[in-house]
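Asks: For reference, the chains in residue letters:
Number of protein chains: 2
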Amino acid sequence: MGSAALLACDWGTTNLRVWTLDEAGAVVADRDFPGLGVSKLKPGEAEARFRDEVRPALGAEGLPAILCGMVGSNLGWTLAPYADAPADLEDLARCLKTVEGADWVRIVPGVRWGGFNGQGDVMRGEETQLFGWLAADPARSRGRRLICHPGTHAKWMLVEDGRLTRFVTAMTGELFAVLKTYSVLKSDAAADDMAAFDAGVAAAGDGTALAARLFTARARVVGEGRPPEETPSYLSGLLIGAEAAAVPALLGCSGDEPLSLLGDARLCGLYARALAAQARSADLHDGEAAAVAGLFALYRKARP
Amino acid sequence: MGSAALLACDWGTTNLRVWTLDEAGAVVADRDFPGLGVSKLKPGEAEARFRDEVRPALGAEGLPAILCGMVGSNLGWTLAPYADAPADLEDLARCLKTVEGADWVRIVPGVRWGGFNGQGDVMRGEETQLFGWLAADPARSRGRRLICHPGTHAKWMLVEDGRLTRFVTAMTGELFAVLKTYSVLKSDAAADDMAAFDAGVAAAGDGTALAARLFTARARVVGEGRPPEETPSYLSGLLIGAEAAAVPALLGCSGDEPLSLLGDARLCGLYARALAAQARSADLHDGEAAAVAGLFALYRKARP
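So the sequences go chain by chain: A and B.
If you want our numbering, it's the 1-based position in the first sequence plus 222.
If you want our numbering, it's the 1-based position in the second sequence plus 222.
Certain hints may be false.
Since the list gives no way to pick out one identical chain from another, each pair is judged satisfied if it fits inside one copy or across any two copies.
Taking lysine-lysine and the DSS-like style, the derived pairs with C-alpha atoms no more than 27 angstroms apart in a straight line are [said to hold, decoys possible]:
| id | residue 1 | residue 2 |
| --- | --- | --- |
| 1 | K408 | K264 |
| 2 | K319 | K402 |
| 3 | K262 | K402 |
| 4 | K408 | K262 |
| 5 | K262 | K523 |
None of these hints come from the bench; they were simulated from the model.
Please model the complete structure; the sequences and the hints are all you need to start from.
Replies: Written out as structure tokens, the structure reads:
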């Protein structure tokens, strides 16, 4: 492992994750700054807090830096306009946003697409993980494949010969959070009852009529006497199951494309479980390693 | 109009609505007690507050009373166990819960059904409106028809020869409220932009993959530059459209059954608009008149 040569940052809505990388892209150190999530920043303060807090904490004054995520939105540091899908790693590198200042700082643009129904779709951050994951194995850039990145706003991305051609966002994680916290389905119980999760996946059916299927989480308690502690697990299975059953068709996918789950290991495991119940297999990949690889690949393209 | 002979109450989660009726069932007076919604009651206080606040306010001390709605749940006055579907007006009358006390007081049971997917379904209050509406015209008790009662938890009820045989609940109104208040789609704008509502209905498509369709409400603003003030109207159209497109099939309905909307006039109008965009017609009926008719019909069955 060499000495730190680059600051790589995944700067999202709720957290800023920073890695220092050596000249070969290996991680030298890493650190989270949950207090610097974009939603917690005051307008205009991103640059100063990056300079005065992030760089010194990692001993990284003066290093080049590359940042992805919501930091490139109008709520972040500066607006990095979306690249348009279809897009590949080269397109993304060409669209890197230069931040004026003493140091070399670039922000990765998000990606925009017209959307499955013409209303548009957007991402910021997931594209970096996707292209990092693709770059790690040339075989992944051949043919047609579907990559799902679970989360607050889950992304389903169709890749054809290494290009991100279409994607759709499902706000499954956010639905889970607001229903678990504010609705008649609210509960403090943990979502760790796998039998109830599986019952929720089964109740998701083909993913139609979600508002009706959601009410079964209530009816099974008040009408059928199921324990209310099962509700969060059942709700999680229902939401993930409905997403997995219905979203691929929005991208024109038949269901037999190779499917990979990329992201948080626990969440990817839940998606794999729901998919298995629907007779669909998927391989699992670590989102953090992919983010580092993507940021490094973009850095190398932009500053060879 | 005669003198008051009966207190008829629709006592729900957020409001208590009371009518005094004469011996022929005509409304003599009415009053709302929003402070007495079941969710605002302390355990055990329903009886005393009904006696000490509701009866005196309407000069109705000593009158017989009949109550429907969440007042019959374990959070209300006393538990009125569900009647099981299939059920008709006679079945409901037989299951009226007697409240012990000096006065004649009966609580209408809700209705329970096994549910479209075996997880169960329940209602409390809508059954009274349904049977009041059916009682108003004998032709309504012939053949097979679908009645939708929009609301926080919308009910779709299949009636066959005057019997409620199956029903399904869609938590569309609650989804709208929690998403409008707490999610990335939150907005203070009014949901009165009919062009945006229609765009939402179109985006609902066939009602699959709701979590993905919901994100288009965000993407059209951040990716396509649509005014954020349109979001509540678009969201309303999307949720109602997805419900209307997909819920009838859960009841085994083909889509060509006669369809009636029963409830709040404004909300019924939105549903009719969404249904029309899906080439489905529906007739509209006032829920309050139906509630009064249902309470009176049940009273006459129980105390001829």
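Asks: Determine for every hint whether it applies to the structure shown.
Replies: These are the hints, each one checked on the structure:
In this homomeric assembly, K408 and K264 come within 27 angstroms of each other (Cα to Cα) only across copies, at 20 angstroms, whereas the closest approach inside a single copy is 31 angstroms. For the identical chains of this complex, K319 and K402 are neighbours neither inside a copy (38 angstroms) nor across copies (33 angstroms), given an alpha-carbon limit of 27 angstroms. In this assembly of identical chains, the alpha carbons of K262 and K402 lie at most 27 angstroms apart whether taken from the same copy (23 angstroms) or from different copies (21 angstroms). In this assembly of identical chains, K408 and K262 lie within 27 angstroms of each other by CA distance both inside one copy and across copies; the values are 26 angstroms within and 17 angstroms between.
In this assembly of identical chains, the alpha carbons of K262 and K523 never lie at most 27 angstroms apart, being 31 angstroms within a copy and 62 angstroms across copies at closest.
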